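Trainee: First to last, the sequence lines map onto chains A and B.
Each residue of the first sequence is one higher than the one before, counting from 1 in our numbering.
Each residue of the second sequence is one higher than the one before, counting from 1 in our numbering.
Quick caveat, the hints were computed from the structure, so don't treat them as lab data.
Remember, predicted model here, so these are calculated numbers, not experimental data.
Take these hints with a grain of salt, some might be off.
Output of the computed footprint for chain B on chain A, the stretches with three or more beta carbons under 8 Å from beta carbons of chain B [stated by the list, open to error]: (1) 73 to 83; (2) 147 to 153; (3) 209 to 221.
Here are the simulated SDA-like cross-link-like pairs (lysine to any residue), alpha carbons at most 25 Å apart as the crow flies [to be verified]: (4) A:K238 x A:S138; (5) A:K92 x B:A53; (6) B:K64 x A:G37; (7) A:K25 x A:Q135; (8) B:K159 x A:M95; (9) A:K104 x B:E227; (10) A:K92 x B:H145; (11) B:K132 x A:K25; (12) A:K104 x B:Q156; (13) B:K132 x A:E185; (14) B:K132 x A:G37; (15) B:K132 x A:K119; (16) A:K238 x A:P220; (17) A:K92 x B:V202; (18) B:K159 x A:Q135; (19) A:K27 x A:Q84; (20) A:K156 x B:R229; (21) A:K119 x A:Q84; (22) A:K10 x A:E26; (23) B:K132 x A:S132; (24) A:K10 x B:G133; (25) A:K92 x B:R229; (26) A:K92 x B:K64; (27) B:K62 x A:D67; (28) B:K132 x A:E78; (29) B:K132 x A:D71; (30) A:K10 x B:K62; (31) B:K132 x A:S138; (32) B:K132 x A:A166; (33) A:K233 x A:E185; (34) A:K3 x A:I65; (35) A:K180 x A:D71; (36) B:K132 x A:G12; (37) A:K107 x B:M135; (38) A:K74 x B:A53.
Heads up, the beta-carbon is just placed ideally off N, CA and C, and yes, glycines get one too.
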Amino acid sequence: MIKVRQLYKKFGDNEVLRGIDCEIKEKEVVCVIGPSGSGKSTFLRCLNLLETITSGEVIIDGENIMDPNIDINKIRTEVGMVFQQFNLFPHKNVMENIILAPMKVRKLSREEAIARGEKLLEKVGLSDKGRSYPQQLSGGQQQRVAIARALAMEPKLMLFDEPTSALDPELVGEVLAVMKQLAEEGMTMIVVTHEMGFAREVADRVLFMDHGLIVEEGTPEQIFTSPRSERTKEFLNKVL
Amino acid sequence: MTDKPLFSLRGESMIGRFDWLGVIDFFPQLGIGLCYTLLISVVGLLIGFVLGAIFGLGRLSKNKLFYSIASVYVEVIRGTPLLVQAIWVFFALPLIIEYNLASISAGIIVISVNSGAYIAEIVRGAVQSIEKGQMEAGRSLGLTHNQAMRYIIWPQAFKRMIPPLGNQFIISIKDTSLLSVILVPELMFQGRLVASNYFNAVEIYTTVAMFYLAITLTLSFVLRYVERRLNIQ
C-alpha cells in the first residue's frame, strides 16, 4: 500500500530524515517509536505532503506522490490524518467539523454527510455531541471527533501523529480504545506514539527511529523483548 | 474675580460671551456637514475594506509581484500623513490626470485608500494569527488551499479582525475632519464656516466635537454588541 524509498528531508541545513526505506501493507498497523527529534512526525507528515520532500520516493496506493502531475488533494482524500493538537475547527460544531470535507471534496449532499457523521459519532461514542462546539469538549472527546472527521472521508489509510500526547493521562484510554477498534476493523494505520502499551498490544509491526533513520523494525514482541540495536535498548530502558 | 457662573445657557454670565442655546440655530448647517461626514465615512470604509482584503491577501501571497505591490501600497500610505495625501489627491493628482476631481470624490478616494492600507495589515495579522494546524487539518482532509481559506481560515480570521477593524473605523471617521482643507463640506468644514462668520468658536467647535463623539460612541456601542454576539457562538 505504501512504499517509501530513500526519503530525505532537510530543513535548511538540518537533515531531519536521512534515507527512510519502508513498506506498509494493506490492513497493517505500524507504530513508529523513538526519541523526540528523531524525525517520526516529519516522516508521517511527508506521507501526505504536509512537508515537502527533499528527495526520495513515496508511493501510496500505486501513485508516486512526488510526481509533479499528481493531484495531491486526491491523494490526501485517501489518507486521513489525526494531529497531536486535534486541530478541530473551533468555529464549527462537531457535526459541521465532520461533514465539511465530505460535502466540499466528496460532493456528498448534506443529508448523506450527516448520516455518515452520525454513524461515525456513534462509533467513537459521542452520538450526543453533534451540536457541541470543540471547546465544550474534553481533550479526549475532541480527539475522538478528530478521528471521526478523518474517517468521514473514508480514507484507505490513517496517519496518527502522537494522538494522545496532548491529553491528560486519564483521557488517553478512550482515544486508544477507538484506535484499537479501528485497527481490529482492518484499517491500515501508521501511528507515531509514545504509548508503548498500545504499540505492544495493537501494532503488527514497530519501527524504531533515531536521528532520521529507521534503526530497527520488527514485531512488537521482538522490539520490546529482544531489541537488537543498542540505541533501541537504551531508548526502551528509558521509557519502559 | 466674579462670582458669576462660568457656564450658562443664554449669555447672562461671563459678560455674555457664550451663547450655548444659540448653537441650535446652526444645527441644520452642521447637520448637512454630519451627513457628508457619514457618507464619506461609510463609502470610504466600504471601499477601504475591499482594498484592505485584497491587499491583505497580497501581503500573505507567495506570488512575489502581488506581494510587492501590496507591500509598497501599505508602506507608502502608512508612511505619509493623511493631510498630505488629501492635499496631493485634490491639488496634485488633477494636474497629472488632467481631470478635476470634485472635493467629495477626492475625499472618498483619500479615506478609502488610506484606511485600505491599515485594514490590509489588520487582515494579514488576523489570518496569520490562525494556528497553522487549522490549514493543515483542512488540507489533510483533501480541501484545496482556497477551500481551506474560505471555510476554515477566513471565518476565524474575520472574528479576530473585528476589534482592530472597529478601531480603524473610528480613526477613519475622525480623520474625515482633515478633508475640510480640501473643501469637502463635511462637519468640520461647516463648523469652521459658521465659526468664522459668527465668531462663536467655543460653542461651535465644542458642538462639532460632540457630534464626532456621538458618531464614534454609537459605533463603539454597535461594535461591542457585535463582538458579544460573535463570542456566544
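Trainee: Determine for every hint whether it applies to the structure shown.
Mentor: Evaluation of the provided hints:
Here the region 73 to 83 of chain A counts 8 residues with a CB under 8 Å from a CB of chain B, which clears the bar of 3, and the coverage holds. Chain B is given as covering the region 147 to 153 of chain A, and this holds because 3 residues of the stretch bring a CB closer than 8 Å to a CB of that chain, at least three being needed. Here the region 209 to 221 of chain A counts 0 residues with a CB under 8 Å from a CB of chain B, which misses the bar of 3, and the coverage is violated. Distance restraint check for K238 of chain A and S138 of chain A: the Cα-Cα separation of roughly 30 Å exceeds the 25 Å cut-off, and the hinted pair is therefore not satisfied.
Restraint check for K92 of chain A and A53 of chain B: satisfied, since their Cα atoms lie roughly 23 Å apart, inside the 25 Å limit. With a C-alpha separation of about 33 Å, the suggested pair K64 of chain B and G37 of chain A falls outside the 25 Å cut-off, and the hint is violated. Between K25 of chain A and Q135 of chain A the alpha-carbon distance is near 37 Å, which puts this suggested pair outside the 25 Å criterion. A hinted pair counts as satisfied when its Cα atoms are at most 25 Å apart, and K159 of chain B with M95 of chain A qualifies at roughly 21 Å.
Our distance criterion of 25 Å between C-alpha atoms is broken by K104 of chain A and E227 of chain B, whose separation comes to about 29 Å. With a CA separation close to 19 Å, the supplied pair K92 of chain A and H145 of chain B stays within the 25 Å bound. Distance check on the hinted pair: K132 of chain B and K25 of chain A sit about 31 Å apart at the alpha-carbon level, beyond 25 Å; violated. As the CA atoms of K104 of chain A and Q156 of chain B are separated by approximately 18 Å, the hinted pair is consistent with the 25 Å bound.
For a cut-off of 25 Å, the pair hint linking K132 of chain B to E185 of chain A is broken: about 32 Å separates their Cα positions. Straight-line distance between C-alpha atoms of K132 of chain B and G37 of chain A comes to about 20 Å, which keeps the hinted pair within the 25 Å bound. Only pairs whose Cα atoms come within 25 Å are accepted, and K132 of chain B paired with K119 of chain A is rejected, the gap being roughly 29 Å. Restraint check for K238 of chain A and P220 of chain A: the C-alpha separation of about 17 Å stays at or below 25 Å, so the hint holds.
Pair hint K92 of chain A plus V202 of chain B does not hold up; C-alpha atoms about 54 Å apart against a cutoff of 25 Å. Between K159 of chain B and Q135 of chain A the alpha-carbon distance is near 16 Å, which keeps this suggested pair within the 25 Å criterion. Taken as a hint, the K27 of chain A and Q84 of chain A pair is honoured in the structure, with Cα atoms around 23 Å apart against an allowance of 25 Å. The straight-line distance between the Cα atoms of K156 of chain A and R229 of chain B is roughly 41 Å, outside the 25 Å bound, and the hint therefore fails.
Distance restraint check for K119 of chain A and Q84 of chain A: the Cα-Cα separation of roughly 24 Å lies within the 25 Å cut-off, and the hinted pair is therefore satisfied. Taken as a hint, the K10 of chain A and E26 of chain A pair is broken in the structure, with Cα atoms around 29 Å apart against an allowance of 25 Å. Between K132 of chain B and S132 of chain A the CA atoms are separated by roughly 23 Å; this keeps the pair inside 25 Å, and the hint holds. At most 25 Å may separate the alpha-carbon atoms for a hinted pair to count; K10 of chain A and G133 of chain B meet this at roughly 21 Å.
A C-alpha spacing of about 15 Å is found between K92 of chain A and R229 of chain B, which places the hinted pair at or below 25 Å, so the restraint holds. Our distance criterion of 25 Å between C-alpha atoms is broken by K92 of chain A and K64 of chain B, whose separation comes to about 33 Å. For the proposed pair K62 of chain B and D67 of chain A, the alpha carbon gap of about 22 Å is at most 25 Å, so the pair holds. In summary, the hint linking K132 of chain B to E78 of chain A is supported, as the alpha carbons are separated by about 22 Å, within the 25 Å threshold.
Distance check on the hinted pair: K132 of chain B and D71 of chain A sit about 22 Å apart at the alpha-carbon level, within 25 Å; holds. As the CA atoms of K10 of chain A and K62 of chain B are separated by approximately 21 Å, the hinted pair is consistent with the 25 Å bound. Under the criterion of a C-alpha separation no larger than 25 Å, the hint pairing K132 of chain B with S138 of chain A is consistent with the structure, at around 21 Å. The hinted pair formed by K132 of chain B and A166 of chain A meets the criterion: a straight-line CA distance of about 17 Å does not exceed 25 Å.
Between the alpha carbons of K233 of chain A and E185 of chain A the distance comes to roughly 32 Å, so the proposed pair goes past 25 Å and is violated. Our distance criterion of 25 Å between C-alpha atoms is met by K3 of chain A and I65 of chain A, whose separation comes to about 11 Å. With a CA separation close to 31 Å, the supplied pair K180 of chain A and D71 of chain A exceeds the 25 Å bound. Distance check on the hinted pair: K132 of chain B and G12 of chain A sit about 20 Å apart at the alpha-carbon level, within 25 Å; holds.
The suggested pairing of K107 of chain A with M135 of chain B holds, with an alpha-carbon distance near 20 Å, which does not exceed 25 Å. Between K74 of chain A and A53 of chain B the CA atoms are separated by roughly 30 Å; this puts the pair beyond 25 Å, and the hint is violated.
Violation of the numbered hints given earlier is confined to hints 3, 4, 6, 7, 9, 11, 13, 15, 17, 20, 22, 26, 33, 35, 38; the remaining hints are satisfied by the structure.
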